[in-house]
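Chemist: Which chain is which? The protein sequence lines are Z and H, in order.
First residue of the first sequence? That's 1 in the working numbering, and the numbers climb one at a time after it.
First residue of the second sequence? That's 1001 in the working numbering, and the numbers climb one at a time after it.
Hint data in this document are derived by calculation from the structure and do not stem from the laboratory.
Backbone N, C-alpha and C define an ideal beta-carbon position, used for all residues, glycine too.
Treat the hints with caution; some may be incorrect.
Stretches of chain Z that chain H covers, calculated by requiring three or more beta carbons in the stretch to come under 8 angstroms of a beta carbon on chain H [to be verified]:
#, segment
1, 144–150
2, 156–168
3, 270–284
4, 311–323
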Amino acid sequence: MTFPKRYLAVAGLLAMVVGIQQLTALTGTAYYLTQLTMAAYYSLLIIGLCLLMGYTGQLSLGHAGFFAIGGYISAALTTHDFSAHGDTLLLGLMEKTGMLMHRQSLYGEPLLNVHPWPACFIAIGMAVLVALVLGVPVLRLKGHYLAMATLGFGIIIYRVVLASEFFGEADGISEVPAFNLLPGLSVNGDFAFRVTNYYIAWGLLLLGLVLLLNLIHSRVGRALRSIHGSEEAAEAMGVDTSRYKLYIFVISAAFAAAAGSFLAHYNGGIGPSEAGVMKSVRYVAIVAVGGMANLWGALLMGVLLNFMSLRGMFGTYDDAVFGIILILIMLFAPRGILSLRMTNVFRARAKTPGE
Amino acid sequence: MDSSLFLQYLFAGITYGIIYAIVAIGFNIIYNTTGIINFAQGEFLMLGGMISISMLQFMPLPLAIAVAVLVTMLIGALIEMVFIRWINNPSVLRMVVITIGISILIREAALHVWGESVRALPYFIGSAVTSIAVFGTRISPQVLIVIGACSIMVLGLSLFFRYTSLGREMRACSANRRAATLCGINVKNKVTLSFMLSAGIGALAGAVMSPITYTQYDNGTGLAIKGFTVAILGGLGNSLAAVAAGLILGIIEAFSVSFLPLAFQDAVAITILLIILFLRPHGLFGSSEAARLKEF
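So here's chain Z without its partners, still in its complex pose (with noise of 0.2 angstroms):
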């Protein structure tokens, strides 16, 4: 089959989000295209840890810290004046190759930052590195221990983030300069700019969803899928676990920190409640709803659910919903919810057992 049906859906999703866009722009309210964008981006974080807990059964409560790499360091390398540096080895060999970016601030200082591409790759990098780290020895363990070593990964990455100077400690970092990806197409939040960022960004997630499509439907994704039913047998049967479940961790690193610079970029800022733990709960959430082991559940309900927190539908319960959700989909669902029919509401309990 030279044309897998895979691609008929993503074509589909293609479709829609073109849709979407043209239908907002006829009843007048592109404002929604704002959330829609922030919501892709999420969704970008939210199909990575899928691929984790889905397809390796691997639970992850850290992954807001891998986004706020992502974020804070793109963010810190674009908005940082270097040019007290600029005589130092480092940033001279930079300046040569062109990875630095001369403009002026507000007030017309000149300012030495860090271009935004390659900001971009050193911040994906540091997650890439992070996770390899933290992923030898973590992926060893299972359960408990793996839920609370990557919810304390979390929390560190958070107070590192609130207590340096550099990361702008509890105000953040703001005004974040646009990232040029090519001339004539920035991700920044200019209302101007809205219609572009708006495929920018569903345009990355498309293009993660089908890396990660093809994946599942490639001798790893089968792995996987061994590795999730039992890992003793796979093991038995020559696959080598350890080593696919420390890849994957490193992709949804690797989604988590795009996300979170290309947002920074986006909203021109980043503050240390992205890095905090309800974030993680809420992505875990998020990826329970879908049905765990459901890359286009993942999708639709992080940028449904994302998308009705970013318009303030959940007001001052923001959090306390997605506590909810969490509870609901684990003991009514826990295949998630586009597994439920009506009849399988009250079957629900007899079938669970197995889970």
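Chain Z is fixed; fit chain H onto it per the hints.
Modeler: For chain H alone, coordinates are given in the frame of chain Z:
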């Protein structure tokens, strides 16, 4: 560092350490009867502090603390009956996620009831500046009250589990659930009791520590992580080792202040947790043989 300062740090370390030990014992009690790590354990301490502060307006201090402990025990029992009791054979992942959800719900409820403000019970004896001389340094009597109350709880619990028939039945459930059922022990009720017990000791610790550490709606998560670190450090399920581990962590944390910024104090505990998880997941005092038999 002179000896007076050294003792100050030491007492601060012991105070926090014994509080962490109480949280760890709370984890252990529930873990032993159910195999579940209750991520909402830290919230019990927050509830104990908050409820006793609110009750203090209507009644004297000892009564307020007693009411807080009873109400928190009731909440613990409710949590078990509503969320845990009827799930048969749950996977570890599912229970972890459910108890995390419960901790969020308690925290959010507390936020809506008590707001974001930081509260505290008044000092039980004297005021914040009252101090007594101990070994040539001056410490607050409240520190001694915390250490005393927690030590009594640890002692009481170990006597309870060793010598009362109820305590023995609970230990039987943890040793072998099926065999306990066959002996006519109502395992499900013992599980409810274990939730009440750990809620109760958590609430009492939360109330006595409140004057020193203050109480805020989101205290729980930090305490839960420290308590878990201690539980792992001592070997999951081993309560007396948890006390030793708690003191070790508390003292390390207290002395870390002298060479690390205060903001990184939490990171110390978590780094220790990560190192222990990698090197000795069965704890400092546990045996690896026994740990392998349990489901991680």
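Chemist: At least three residues with a C-beta closer than 8 angstroms to a C-beta of chain H: is that true for the segment 144–150 of chain Z?
Modeler: Holds: 5 residues of the segment 144–150 of chain Z have a Cβ under 8 angstroms from chain H.
Chemist: Three residues minimum, CB to CB under 8 angstroms: does the segment 270–284 of chain Z make the cut for coverage by chain H? Let me know.
Modeler: The restraint on the segment 270–284 of chain Z holds, since 4 of its residues have a Cβ under 8 angstroms from chain H and three suffice.
Chemist: Please verify the coverage claim for the segment 156–168 of chain Z: does it have three or more residues whose C-beta sits within 8 angstroms of some C-beta in chain H?
Modeler: It holds: at least three residues are needed, and the segment 156–168 of chain Z offers 5 whose Cβ sits within less than 8 angstroms of chain H.
Chemist: With a cut-off of 8 angstroms between beta carbons, are at least three residues of the segment 311–323 of chain Z near chain H?
Modeler: Answer holds; 6 residues pass the 8 angstroms Cβ test.
The structure fails none of the hints (numbered hints given earlier).
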